[in-house]
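Participant: Sequence:
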Amino acid sequence: MKKKKMDIHSCYLDRILILMYSIMVFGYLGPLGKYRLLTIYITAIVQFAILFFCKRRRRFEDVNFFWILFFTYVFLSFLFLNRKNGYEYVLMLACGMMALAMDQDDCFFSRLFKVWRNIAVVFGILTIINVFIPNLVYGYFSFLLTQAQIDTIQNNILLGGYPGIAGEVSFNCFCIAIGIAVQVIFLYFEKQKVRNFFILFLLFIALLLTGKRSMILILPIVSIIIFMLLAIEKRNKYVREILTLLIIAAPLVYLGLRDEITLILTKGGTSLALSNRDWFWNIAEEMFRKHPFWGNGINTYDFMYNEYKVRNGYVYFAGAHNSYLQYAAELGAIGLGVFIICILSEIIRTIKKINLDFKKHSSLISIENLFISLYAQLFCILYALSENPFYQPQQIMTYFIVISCLRCCRRKEKDEYFIS
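In full-length UniProt numbering, the protein residues as written are 1 to 420.
Take every hint as true, because none was put in to throw you off.
Using 16 Å as the maximum straight-line C-alpha spacing, the simulated EDC-like pairs for lysine to aspartate or glutamate come out as follows:
no.	residue 1	residue 2
1	Lys352	Glu368
2	Lys191	Glu368
3	Lys114	Glu190
4	Lys114	Asp14
Honestly, the hints are just simulated from the structure, not real lab data. Values in this document were obtained by computation on a predicted structure and should not be read as measured data.
Generate the whole structure from the sequences, applying the supplied hints.
Facilitator: Structure (structure tokens):
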């Protein structure tokens, strides 16, 4: 009876956490968009309550040492170099660290990823509808929006990108990309291949409509990498058919949408446009030259940006549109080096665990979760070359949630070892 009550209690906690993680990852509109840290505060409170009031749900000892080192470095940077708004990043990082300390199982992540896929499909469908109804968001959901958000939506559409329900094209493409990460793995492992391929095709069409060139280039590359890893394992009899279909479909899609893709990549010009990113990058490089070793302080990039832009101090979040350059500017070579070690160690551990699970013929759910985690890690890491995924609350939290999936699988392996 006691075990049954604990299972029911655990089930409710999982549902609450899935709800909070989903709101965290997809919450961009209305007050969630206006107050960027609102969802972080709420999620942190829920995580803190679970970790410190449910002893069986925490495993602090399994948190990667390099993440602890990185968090310590960021905290010291906030403490000594930027107390004004450095706490915001410390809070985001603390929320991610608590996600790593959570003791979840495979079923939790399987349910979470399916919820994310379903929400991403809704985002994708609304993006396609947005083509035919340009005022979809600010016309029907204006009560959720600030005037600045309405202006952003209208400007995105004028520039050829459709923001959908996310209210901004870069946010929208990231939400759709999460769905693609899950759906690519479902296409390989799950039955109903036609249905899964149709959903994936819908999501890729929606991604094209956002007009985000970086993600449009990144996701096909990541998808091919994942399918190549799957092909090496030769676990699924459909792998050759799927790879053949991709090889045939890729040039056909390009030929059919060549003009549209060229227009997106060049922004209407004759060469690849950087959208003023070189201007953002130059600011980061100038900051790095001032303090190359320990940096200028976490979250100080925006001060410099606004000094150049409007000359009246801190105004709003801008980001360097390259998370690695921003880390170099704010945390110096030392902080950037530790962060790169962190993300590379996660990739290596995930691939090792996938290989081990294939050899041990582990459960399909566990392998699916690991591949979804690997896919999401890769697109976050590559996307950070031209955007700010490690500085946006929703996006950095997505990264920490997917790498926490690896902790779940490794803990289960340890528990099985001790039981045997």
